[in-house]
Each structure stands twice: as structure tokens, then as C-alpha cells.
Amino acid sequence: MSNNNIPENALFVCFGGMSNVGTLTGLAGLEAVRQLEPGKAGIFCLGGLPTEAPIVLNKTRAAQRIITVDGCPLNCARKIVEQAGFVPYKTINLVEDCGIKKGPPQAYYGAEEMQVAVKAIVDAIKNSQFSPPPGSAD
Amino acid sequence: MSQEHEDAEKPRVGIFYCGGAMSSVGELTGVAAFEVLKRLGPKEVGMGCVAALAAGVPKHFRTMQGLEKVVVIDGCPNSCVRKIVEQTGARMDAYINFGKDLKIKKIGPFKPLAYSQEDLERAVEAILNVVQSTP
Numbered sequence: 142m143s144n145n146n147i148p149e150n151a152l153f154v155c156f157g158g159m160s161n162v163g164t165l166t167g168l169a170g171l172e173a174v175r176q177l178e179p180g181k182a183g184i185f186c187l188g189g190l191p192t193e194a195p196i197v198l199n200k201t202r203a204a205q206r207i208i209t210v211d212g213c214p215l216n217c218a219r220k221i222v223e224q225a226g227f228v229p230y231k232t233i234n235l236v237e238d239c240g241i242k243k244g245p246p247q248a249y250y251g252a253e254e255m256q257v258a259v260k261a262i263v264d265a266i267k268n269s270q271f272s273p274p275p276g277s278a279d
Numbered sequence: 076m077s078q079e080h081e082d083a084e085k086p087r088v089g090i091f092y093c094g095g096a097m098s099s100v101g102e103l104t105g106v107a108a109f110e111v112l113k114r115l116g117p118k119e120v121g122m123g124c125v126a127a128l129a130a131g132v133p134k135h136f137r138t139m140q141g142l143e144k145v146v147v148i149d150g151c152p153n154s155c156v157r158k159i160v161e162q163t164g165a166r167m168d169a170y171i172n173f174g175k176d177l178k179i180k181k182i183g184p185f186k187p188l189a190y191s192q193e194d195l196e197r198a199v200e201a202i203l204n205v206v207q208s209t210p
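If you read the sequences in order, they're chains A and B.
Residue numbers for the first sequence follow our numbering, beginning at 142 and rising by one.
Residue numbers for the second sequence follow our numbering, beginning at 76 and rising by one.
Isolated chain B (complex conformation):
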């Protein structure tokens, strides 16, 4: 890893997204989270590595613990990211499940890009609201 990477400024809010691609809502978590990053910039939000959390990488765990707020996003009722966060004892200040909370339809299997533009906009709006709300 480069020194430049090590010294990169930490964002105010961290986002753990599912990014699972067996269904549309899983993929949508990643797409919507990166759209929020694009709109707010890297000083405001940064993405976490759920895989590193599940694999037990200490540095990635510590990095997310040190942020002002951590938002956890799942796509479907399996709620895998929430379970991983709870199993590892990682931080979670806010939680969004696109299926349960936004009623976005899960389309699959293996149709990661089957979400609609309307679904994307609703997902982005929900993440923006959570990121920008006071703790």
C-alpha cells in the first residue's frame, strides 16, 4: 500500500454496503452509495470494505470505528451486512435495508442491473438523508 494511501484524509461518515450481485437490490447498495460519494465528496463520505470486516482485517475495522458516523446498508431481507457488523462488533450508527425500509423490489437471481432509475433515486435520497442527519 502506498504512503499516499495510508495518509489519505478520513471521511466524516463511513458506509458499509452489501454490494452482492445475486439480485438487483444488492448491486444497488453499491451503486447508490457511490452516487452519494460522487455528490458529497470524499471528505464527507467514504466506503468501507465489508469483505475485510468479515475476513477479520484489524486495520479496516479500526478505520471505520474511528469515524464520526457509520451507516450500514443492506439490499435484501437476508441482511448480511448487518449480521457481519453485529458478529464482528463493528460500529453501526444508522441502518437502511432497501427491501424492508424502502420497499424496493428484489429482482433476481443474477440480475444485478435490473433496478430502475426510480429505485436508484430513492436509494440515493435515503442514504443522503441518513448521512446528513445529525447523529
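Bound conformation, chain A alone:
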């Protein structure tokens, strides 16, 4: 955690409820944050970006990196982050990057899918410490 209490990595998860993979982004994001050391990552409010909530915009600007986690190929979280003028350091898509099958919201996803999704998020954050934040050379 930086000295202004902002997590180093801002996670924006889709957490959409119309498919199993959308829901999984929210649950896997929480588990990833729990597994990482305090201050490494926090889940931000995706809804605060298109509505220009000042507290969300300010905290997002203060984070060192942004990582988006989308469930399906629509990549809504990524689009919202980019439309708000931010550049993600890393984008994760559970279908395209993790091979998890998109299904109806009540479709079962098991411990294996959860583990794969959590690992993708945790790895992205752990690897981020070896790269400078986007724009740091400006």
C-alpha cells in the first residue's frame, strides 16, 4: 500500500451477472486480493468511471497500475477503463486468456476454473513489480 492508502494495482473486474465467467471475475478478484500481501491490489468501482465519481477517478489516478479482468470477449471492463481515459497495464479475459467456457449465469464453474482465474490475476500483479508503471518515463 502506498502512503496514501491506495493499492499499488487497481483491479477493475466486470462482475457481470449474465454469464458464469462475468460472475467469476468478481469472486476470483476477491480471492486474488486475499492471497496477495496487503496493499498490493484492490478492487475498484467500475461503475464509478462512466459516472465520473470523483473519489473513484482520483483513487484510480493514484494507483500505480490498472489491471482489467473481463469474463467474456465483450471486454466491457476494459472498454470502460479506456473510455475513461486510462491505459490498463494488463488486461485479462477469462475466456480468451484462461480458456474458461462462457455459459449461462447458473452454469457450474468449479474449483479448477476458480483456481485458473485467481492465478491469472495474481500472476499479473506479481509480474507487475518488475515493470515500471505505464507513463513513468514521461
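Be careful, since some hints might not be right.
[Claimed, not checked] Here are the simulated BS3-like pairs of lysine-lysine, each with C-alpha atoms no more than 25 Å apart in a straight line:
hint: 1; chain 1: B; residue 1: Lys158; chain 2: B; residue 2: Lys186
hint: 2; chain 1: A; residue 1: Lys243; chain 2: A; residue 2: Lys231
hint: 3; chain 1: B; residue 1: Lys181; chain 2: A; residue 2: Lys181
hint: 4; chain 1: A; residue 1: Lys260; chain 2: B; residue 2: Lys186
hint: 5; chain 1: A; residue 1: Lys243; chain 2: B; residue 2: Lys118
hint: 6; chain 1: B; residue 1: Lys134; chain 2: A; residue 2: Lys243
hint: 7; chain 1: B; residue 1: Lys144; chain 2: A; residue 2: Lys242
hint: 8; chain 1: A; residue 1: Lys220; chain 2: A; residue 2: Lys242
hint: 9; chain 1: A; residue 1: Lys220; chain 2: B; residue 2: Lys158
hint: 10; chain 1: B; residue 1: Lys85; chain 2: A; residue 2: Lys243
hint: 11; chain 1: B; residue 1: Lys186; chain 2: A; residue 2: Lys231
hint: 12; chain 1: B; residue 1: Lys186; chain 2: A; residue 2: Lys181
hint: 13; chain 1: A; residue 1: Lys267; chain 2: A; residue 2: Lys181
hint: 14; chain 1: B; residue 1: Lys134; chain 2: A; residue 2: Lys242
hint: 15; chain 1: A; residue 1: Lys267; chain 2: B; residue 2: Lys178
hint: 16; chain 1: A; residue 1: Lys242; chain 2: B; residue 2: Lys85
hint: 17; chain 1: B; residue 1: Lys85; chain 2: B; residue 2: Lys118
hint: 18; chain 1: A; residue 1: Lys220; chain 2: A; residue 2: Lys267
hint: 19; chain 1: A; residue 1: Lys242; chain 2: A; residue 2: Lys181
hint: 20; chain 1: B; residue 1: Lys118; chain 2: A; residue 2: Lys242
hint: 21; chain 1: B; residue 1: Lys144; chain 2: B; residue 2: Lys118
hint: 22; chain 1: B; residue 1: Lys175; chain 2: B; residue 2: Lys186
hint: 23; chain 1: B; residue 1: Lys144; chain 2: B; residue 2: Lys158
hint: 24; chain 1: B; residue 1: Lys158; chain 2: B; residue 2: Lys178
hint: 25; chain 1: B; residue 1: Lys118; chain 2: B; residue 2: Lys134
hint: 26; chain 1: B; residue 1: Lys158; chain 2: A; residue 2: Lys243
hint: 27; chain 1: B; residue 1: Lys158; chain 2: B; residue 2: Lys181
hint: 28; chain 1: A; residue 1: Lys231; chain 2: A; residue 2: Lys181
hint: 29; chain 1: A; residue 1: Lys220; chain 2: B; residue 2: Lys134
[Stated by the list, open to error] Listed below are several chain A residues computed to face chain B (Cβ distance under 7 Å; list not exhaustive):
hint: 30; residue: Pro179
hint: 31; residue: Gly183
hint: 32; residue: Cys186
hint: 33; residue: Thr192
hint: 34; residue: Leu215
hint: 35; residue: Lys220
Simulated from the structure, these hints should not be mistaken for lab results.
Glycine residues also receive a C-beta, built at the ideal position from the N, C-alpha and C atoms.
For chain A, the structure is supplied; the task is to place chain B on it using the hints.
Showing chain B alone in chain A's frame:
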């Protein structure tokens, strides 16, 4: 997307929840909504994708418009979901704000699971009442 997904039966009531995790009440919207889904089943309620609404995905917009009732749930006074629904012209038949309407305390930042069991029960009860009330 699988054909099975395309052909899935539509629920009677749709719920747009905030699911923002910068505070306890945002996360609680998702947790409470899914508890309602667990209790009532997928024929009665289904969840919407707020992100898809904000990103302008037509199919997701249309799907929610075609349901019998749409319930919108925000956690905190920022009321982001309500704003997104209003900005996009999507449907909203009932609205709950956990902070304003239920006086559930917002705890944060970055404490998504800091809500109490009592808060969860009150939130679930409020959603159940709105879902099951006559339009």
C-alpha cells in the same frame, strides 16, 4: 457464446447491482443479489451486466428491457448504477440504495467484505420484497 446460453430461459425479474468493491456496501449489492437468486431460482430472478450497459452492448440492453420487472441496486450515495441506467435509457421499475434506503453503513476504502451478517440479511430482505411485490 454457446447455443445453450442463447436459448436459456429468461427470468421474470432482472437485477442490476453495483458490485463495486471499493466499499462494503458496493460488494454487498452483488452478494445480496446472488443470495436472492439462490433463494428464488433462475426462473424468478436473473442478474444483469451493468458493465455491458455502460459499455453500450445492445444485446444486454435488449435482454433486460424485455423482462417483466427490472430492479436497480446501488450500495452508496454515488448511485452509479442508477446514473448508468438513466444515461443509457435502460429500464428501471424499482430502485434500492443500501445507504439511503436501508441505512447500511459504507465501510471502506477497499474493505469489500466488511459488511455484517445483519446487513446482509436486511439487504436480502429488501430485495426480496421489491422482487416479489406486484408491479
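**Request:** Sort out whether B:Lys186 lies within 25 Å of A:Lys260, counting only the CA atoms.
**Result:** 21 Å, holds
**Item:** chain B contact restraint on A:Gly183 - CB to CB distance below 7 Å
**Value:** Status holds, d = 4 Å.
**Message:** Just to be careful, I want the Cα atoms of A:Lys242 and A:Lys181 compared with a cutoff of 25 Å; is the pair within it?
**Reply:** 29 Å, violated
**Asked** Between B:Lys85 and B:Lys118, does the CA-CA distance stay at or below 25 Å?
**Response** 7 Å, holds
**Request:** Decide if the proposed pair is consistent with the structure: A:Lys220 and B:Lys134, CA atoms, cutoff 25 Å inclusive.
**Result:** 16 Å, holds
**Message:** Tell me if the straight-line CA distance from B:Lys134 to A:Lys243 falls inside 25 Å.
**Reply:** 16 Å, holds
**Asked** Is the Cα-Cα distance between B:Lys158 and B:Lys186 25 Å or less?
**Response** 23 Å, holds
**Item:** Proposed proximity, B:Lys158 with A:Lys220 (alpha carbon, max 25 Å)
**Value:** Distance of about 18 Å is within 25 Å: holds.
**Request:** Tell me if A:Thr192 is really an interface residue toward chain B, meaning its C-beta lies closer than 7 Å to one of theirs.
**Result:** 4 Å, holds
**Straight-line alpha-carbon gap A:Lys243 to A:Lys231, limit 25 Å** = 21 Å, holds
**Message:** B:Lys158 and A:Lys243 were given as a pair; does the straight-line alpha-carbon distance stay at or below 25 Å?
**Reply:** 28 Å, violated
**Asked** Is the hinted pair B:Lys186 and A:Lys181 satisfied, with a Cα-Cα distance of at most 25 Å?
**Response** 14 Å, holds
Of the numbered hints stated above, those contradicted by the structure are hints 7, 15, 19, 26 and 30, listed in ascending order.
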